[in-house]
Amino acid sequence: MKLRRNFGQENETGDINVSPLIDVVFILLIFFIVSATFVTLPGIQVNRPKVRTSTALEKNSVLFALSEKNQIHYSGKAIPLSDVPKLIGMANKKNQKPVIIQVDRWADAAYLAKLINAAKKVSTSVSIATRKNK
Amino acid sequence: MKKGHLYSKGENTEINVSPLIDMVFILLIFFIVATSFVNEVGIHSDYKDSEILSDSVNPPIRITLPATGQIIINGNRVGLEGVAPKIRNAFSSNAPPSVIVQVEKGAKAGLATQVMDQALVAGAKAVKLAEIRK
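First to last, the protein sequences are chains A and B. The working numbering numbers the first residue of the first sequence as 1 and each following residue consecutively. The working numbering numbers the first residue of the second sequence as 1001 and each following residue consecutively.
The shape of chain A in the complex, shown without the other chains (with noise of 0.2 Å):
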């Protein structure tokens, strides 16, 4: 009796009060800004070397990914060796972003050697990538 009697009075006086839903959706939206780096991923699946020491990289880096057949991918596409210069220089316009290639482990080390000094080139920094070790 108590218990619908409150109800009903609750619903007769007041709508939903939707100001902290609209605070919650701005910190999210605030979050989720800041956040936000659009990075640029190479599309493609690769079997990572595991290896002993290996350390966070950088969050906001360009990425390259070199697949077992030896093929350069960069934003969803087989590249050509020669492109990756230019492509890392128009990805760091305004800073200079660390290079990752992420290396398929069964892929040609020559190549890597190749695409590793193509990026030193005009990267200060070259990361490989590889597995999470647990």
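Source of the hints: derived by calculation from the structure; they are not laboratory data. In this text the structure is predicted, and so the values were computed from the model without any measurement. We treat Cβ as the ideally placed atom computed from N, Cα and C, and that holds for glycine. Any given hint could be a false lead.
What the hints assert, rightly or not - List time: in silico EDC-like cross-link candidates among lysine to aspartate or glutamate, alpha-carbon distance up to 20 Å:
1. K93(A) to E58(A)
2. K69(A) to D83(A)
3. K114(A) to D1022(B)
4. K121(A) to E1131(B)
5. K97(A) to E58(A)
6. K120(A) to E1131(B)
7. K50(A) to D1022(B)
What the hints assert, rightly or not - Covered by chain B, according to a simulated footprint, are these stretches of chain A (three or more residues, beta-carbon under 8 Å):
8. 14-27
9. 48-59
10. 98-109
Said to hold, decoys possible - What follows is a set of in silico ranges between Cβ atoms, one per label pair, in the way DEER data are often shown:
11. G1069(B) to T124(A): 30 to 36 Å
12. I1021(B) to A78(A): 42 to 48 Å
13. E68(A) to L1027(B): 37 to 43 Å
14. S75(A) to P1085(B): 25 to 31 Å
15. L81(A) to N1074(B): 29 to 35 Å
16. I79(A) to V1017(B): 44 to 50 Å
Fit chain B to the known structure of chain A by using the hints.
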């Protein structure tokens, strides 16, 4: 007269926030979808080309990876677990050496990465990947 009309309007209307909430939600969803969190781990070595190649006092250790999948240091075949001790022995007295991993066409990138990792485990200050040109 006109002014009075304006005031009467202002008295009984509230600001309608629903379009605002709609916009904020749309922005929120856009940023949630567009944000890609890239958490890469990997190996990383700082080096300068000139530093490695012209260091005659403390010459770099050269590790060769032929296409057959072996690891050769100073003409001796070693296993992957033998790389770190070899490097440690080589610089027990001197400053940490540079390591050049020389790969032939056909060597696997996974092995090259693991050798570089072992060199970093042994404390090498700079590890470079280079291709052997025949």
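Against the structure, the hints come out as follows:
For the proposed pair K93(A) and E58(A), the alpha carbon gap of about 17 Å is at most 20 Å, so the pair holds. In summary, the hint linking K69(A) to D83(A) is supported, as the alpha carbons are separated by about 18 Å, within the 20 Å threshold. Between K114(A) and D1022(B), the direct Cα distance comes to roughly 50 Å. Violation of the 20 Å bound is thereby established for this hinted pair. Distance restraint check for K121(A) and E1131(B): the Cα-Cα separation of roughly 16 Å lies within the 20 Å cut-off, and the hinted pair is therefore satisfied.
Proximity of K97(A) to E58(A) is assessed by CA-CA distance (about 9 Å); at most 20 Å being required, the pair is judged to hold. Between the alpha carbons of K120(A) and E1131(B) the distance comes to roughly 14 Å, so the proposed pair stays at or under 20 Å and holds. Of the pairs offered as hints, the one joining K50(A) and D1022(B) is violated, with about 47 Å between alpha carbons and a cut-off of 20 Å exceeded. Here's how the stretch 14-27 of chain A fares: 5 of its residues keep a CB closer than 8 Å to some CB of chain B, so the rule of at least three is met and the hint holds.
Figure legend: the stretch 48-59 of chain A, annotated as covered by chain B; annotation consistent (10 residues with Cβ-Cβ distances under 8 Å, at least 3 required). Only when three residues or more bring their CB closer than 8 Å to a CB of chain B does the claim for the stretch 98-109 of chain A stand; here the count is 9, and the claim holds. At roughly 32 Å, the beta-carbon separation of G1069(B) and T124(A) lies within the given 30 to 36 Å, and the hint holds. At about 44 Å, the CB distance of I1021(B) to A78(A) agrees with the hint of 42 to 48 Å.
A C-beta distance of roughly 40 Å is found between E68(A) and L1027(B), which places it inside the suggested range of 37 to 43 Å. Against the hinted window of 25 to 31 Å, the Cβ-Cβ separation of S75(A) and P1085(B) comes to about 42 Å, which falls outside the hint. For the hinted restraint 29 to 35 Å between L81(A) and N1074(B), the CB-CB distance of approximately 31 Å keeps it satisfied. Separated by about 48 Å at the C-beta atoms, I79(A) and V1017(B) satisfy the suggested range of 44 to 50 Å.
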